[in-house]
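Required output: the full structure, derived from the provided sequences and hints.
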Amino acid sequence: MANKADLSIEYLGVKCENPFFLSSSPVGGCYDMVAKAYESGWGGVFFKTVGRFIADECSPRFDQNGKEQTPWIGFKNMEQISDKPLEDNLQAIHRLKRDYPDKIMVATIMGSSDEEWKELSELVTQAGADLIECNFSCPQMTSHAMGSDVGQSPDLVRQYSRAVSSATKLPVIAKMTPNIGNMEVPAIAAIEGGAKGVSAINTIKSITNINLEHMTAMPVVNGKSSISGYSGAAVKPIGLRFIAQMKQHPLLKDVQMSGIGGIETWRDALEYILVGSHNVQVTTSVMQYGYRIVEDMASGLAYYMEEHGFNKLEDMVGLALPNIIPAEELDRNFKVIVKIDHEKCIGCGRCYVSCFDAAHQAINWDFEKRRPSVNDECVGCHLCLNVCPVPDCIEPGEIKYKDESKRIPKDIAFQTRYE
Amino acid sequence: MSKVTSKNQLQGKEIERDYLDEAVHGYNLRTAMEEAARCVLCYDAPCSKGCPSNTRPADFIRSIRFRNLKGAAAIIREANALGGCTAKVCPYDRMCEEACSRTGIDRPIQIGRLQAFAVAMEREYDMDVLKAPKADKEKVACIGSGPASLTVAQRLALGGYKVTIFEEFDKPGGVLTYGIIPPRLPQDVVDYDIKKVKDLGVEFVMNTKVGRDVTIEQLKEKGYKAFFVGTGLWKSKEVDVKGKELQGVTYAVDFLKKARSASGDWKVDGEVIVIGGGDVAMDCAATAKLLGASRVTIVYRRTLQEAPADIAELEYVQALGVSIFTKFKPQEIMGENGKVTGLIAEGTDDFSQLKLKANHIIFAIGQDAEDMKKIAQVELNPNGTIACDMNKGFTNIDGIFAAGDIVNGGKTVNEAVAAGKTVAESIIKYLTKKEGVN
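Here the protein sequences come in this chain order: A and B. Using the numbering used here, read the first sequence as starting at 1 and increasing by one per residue. Using the numbering used here, read the second sequence as starting at 1 and increasing by one per residue.
Just to be clear, a hint being listed does not mean it is correct.
Derived lysine-lysine pairs resembling DSS-like cross-links, with alpha carbons at most 30 Å apart [what the hints assert, rightly or not]:
| # | chain 1 | residue 1 | chain 2 | residue 2 |
| --- | --- | --- | --- | --- |
| 1 | A | K339 | B | K49 |
| 2 | B | K49 | A | K369 |
| 3 | B | K49 | A | K224 |
| 4 | A | K344 | B | K49 |
Restraint-style ranges between C-beta atoms, simulated for each label pair [claimed, not checked]:
| # | chain 1 | residue 1 | chain 2 | residue 2 | range |
| --- | --- | --- | --- | --- | --- |
| 5 | B | K267 | A | D32 | 19 to 27 Å |
| 6 | B | E124 | A | H249 | 50 to 58 Å |
| 7 | B | M127 | A | F367 | 20 to 28 Å |
| 8 | A | K253 | B | E124 | 39 to 47 Å |
| 9 | B | G270 | A | D296 | 34 to 42 Å |
| 10 | A | I73 | B | I311 | 35 to 43 Å |
| 11 | A | N386 | B | Y125 | 32 to 40 Å |
Treat the hints as calculated values from the structure; they're not laboratory data. Virtual Cβ for every residue (Gly too), placed ideally from N, Cα, C.
As C-alpha cells, this is what we get:
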C-alpha cells in the first residue's frame, strides 16, 4: 500500500487490523477459504453460520438481476446455514484461530431452542472464536424455528440473546433481519438479552425475476422456486438506512454496529462507517469478484483518510449521523436552479424529456440547434442533472430564496454537487 | 480454398480469414444489450434523421434497450426491405453514426451491428413481420432485382399489387448478390431479405433480360400496368490505356461476380493490381487476396483522404496485407505473348514512376449504365442514366418508373432503398389515380 494510514479499529474490545470482514455466508465456510481470505487482507471473518441443523441445499440456488450493461446489481441466494457437520466447522474455527492468531474469527451460530443456542455458544467459545454472532435473520431456512422468523420476534431475539450470552464470556452480536419495519425494536430486545453489538442487514426477502416460460421465480428448481434473500449493490441504501436509524435511537446510540449490505468499494464501506458502523461485512461482491477486492477497499480508504486528515478510523464512525435529520426539519427556503453548459452539451435532449415528462416543464428545447435551455419554471429538483449522460454538463447554479430575509451565508450550490 | 493468415496485434494470435468469413462478428444478446445501453436515447434523435431510408435507428435501438427484440426487428423490416443487407453495408460513418450524439462523449453507437443483431433475431424467432393483403390490384413489373427493385416490390406487394421481378442473372439480388464480397455481406443475409420479399407473394423470373428476352410491349399485353426500371449499372468503365486488350485485364463487376458465383471456390494466381479507390476496388483487392493472390496492390490516382472507400473497408484490406499506392495513374499495361506481365503507372506529380509486376489487372473505376433504350425509349442523361426525379421516379414515358443506381449514377444500397420507397408511392398514385406523369 502506497500510504500508511492506520485502518485498525477496536470492535467490542477486540483489536482489528482493518474494518473489512467477510459476512457469514458461502464466502467463508471452510479452512481453506478463510485462510485465503485472511492472506488476501481481510481483517476478519464471520464464519459461515454453524448449528446442529445441517443444510440440504437445492440446485440451482442463485439468481441475479441487472440494469443496462451492469449485471449483478442485485443478487438472490437460497443457501441456508452451513451444510457441514458442526464438528468439522468447530475444527476449522479452531485451526484458523491457531494459524492466524492476529486475524479476527467471529463464529456465527444458529440454534432452534435455548439449549441449542447455549450449546453452540459454549462450543464456539471453546473452539477459540473471538466473538459470537447470533444469526436471527436468514430468510431461507427450511425450519421456521430458525432464521428471519426468529428475528422478527423481539421476544425470541431477547430470549436467545440471553441464552447465548449466559453460556460465554465473549461479546455477543445479534444479526438482524431487514424484513421488518423498525429494526430498533428487535435490536433493543437483543441488547436487553445481553448482546453487545448488532449486525445489519441480512438479506431481504425477494423474488428477483419471474421465469416467463416456467411461470415461477428464478432460479427454477424442478419447476418451482422460493422467496429468498436479496443482496448486492441494490440493497446498500436499505442497509445504510437501518444502521443510521438504529444509531440515532437513544437506546442504541452506544451499541457498536457491523454494517452489511451491498459493499463493493472503499466508498461503500466508508459510508457504512459514517452512519455509525465499526466495521463492514461483505459477501456478494466477493462472490462476484473474489477476495482480492479487499486490496482496493483498504488502499482507497487509506487514501481518503490521508486526503481528509483522519488519523484513526474510529474518528470517522458516525460522522454523518448528525446531518441525517427528519424531513420536517430540512431547510426549505431556497431552490438551487440548474445551469447548462452548452459547450459540454451533446444535444441528446434527455434533460428535456425527463423535465417535461417527470418534473416541471422547465426546460425548453431548440430543435434547430438541438440544445436545451432552462426557463422560469425550474424548481431546483435536479432531475435533469441526474439523467444527463455528460459529467458536469448540468450543474447547480443560481440560488433563489423563497424568503430573502433568511439567506444563508454558505455556498449551498457547492454542497449539492453530484458524482 | 485458400485463406489469409495474419497476426492479431493485440493478442498475438494467428487469425485465419476465409473468403466466406464475415469481417465483423455479430453481437449476442449480452453484447447487444451493452451497446444499446451506451445509447443516450436522444430526443428527436439525429441518427434516425441521418438515415436516408428512414430505417428508424433510434427506435429500434430503444426497443433493444427495453428488451423488445421482436419490436426492434419489426421496426426494421417495416421500414426497410433490405434491413439485413443495409445493416452490413451502410456507410454508417456518413449516415446514422455520423449523427450520433454519443460521439460527443466518446464514440458513436455501433448502429449497424445492432441492426444486424435485430435482423438476426427476426430470423431466430422466425418472425413474419409483414403480411401482404390479397393481391387483387394491378400487375406491376420490376426490371432488375437489386436494392431499388426489391424495395419497390415489397411496397407494392404490401399495397395489394401483383408484382413480378424480372432478373437477367440466375440469382436475385443484383449488386447484393454479385457485387459485394461475403466478408462484408454474407449471402445468407441477402437471401433472407429476398425471402421476406418473396413471402409477400412477389414473383421472381430469373434469367430474363427485359429488352432482350421479353419486351415491355409483350408484358403490357400480358396485363402489366406499370413498370419499374431498377437495373443498376453493370457496364464497366473502360480506360484507354495501352495494353488493355491483354489477357489478364479484367473489370471489377466481372471479377466480383465470378468470385461470388463460385462461392469462393476459385483460385486467383499470381500478382494482382487493382486500379481504383472506391469500395468496389477494396472489394476486388480483398477478394483477390482471400482467393490466393500472392500479392495484391491497389493503385489509385488520388489520396487516401479523397478515396470514396469507407475507412473500415480500407482498414480491412490493409489488415489483409494489401498495399496501396496513391497518386498514381496507369500509363501502360505491359505484356508478353498476349498476357499481362506488369503495369507502369505515372505519378500525378509528373515525376514519380511505378513499375509493378502483375498477372492480373482489375479496373475498378466505376460503372456505367447499359443501353436503356433497349428496354424503353426513356429519356437519358449524357452519362446514360435515366433522366427522372430521383425520389418520385417518373420517367418521360407514362407508366415507366425508375430508381437506384440507374438514376443516381451509383450510390449506396440505403439510398436505393430510400428511393424505392418513395417511387413505390408514385407508382401506387399512378395506378390509383393515373396522375402525376411529367
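A quick look at each hint next to the structure:
A threshold of 30 Å between alpha carbons decides the hint, and for K339/A with K49/B the separation of about 28 Å falls inside it, so the pair holds. Pair hint K49/B plus K369/A holds up; C-alpha atoms about 14 Å apart against a cutoff of 30 Å. Between K49/B and K224/A the alpha-carbon distance is near 48 Å, which puts this suggested pair outside the 30 Å criterion. Note on K344/A and K49/B: the hinted pairing holds, with a Cα-Cα distance of about 22 Å set against a maximum of 30 Å.
Range check, K267/B to D32/A: about 59 Å between beta-carbon atoms, so the 19 to 27 Å window is missed. Taking the beta carbon of each, E124/B and H249/A are about 56 Å apart, inside 50 to 58 Å as hinted. For the pair M127/B and F367/A, the supplied restraint of 20 to 28 Å is violated, since their beta-carbon distance comes to about 35 Å. Remark: the range hint 39 to 47 Å for K253/A to E124/B is contradicted by a beta-carbon distance near 59 Å.
Range check, G270/B to D296/A: Cβ separation about 58 Å, and the 34 to 42 Å hint is violated. Look at I73/A against I311/B: about 37 Å separates their beta carbons, and that is inside 35 to 43 Å. Separation of N386/A from Y125/B is about 36 Å and conforms to the stated range, judged on CB atoms against 32 to 40 Å.
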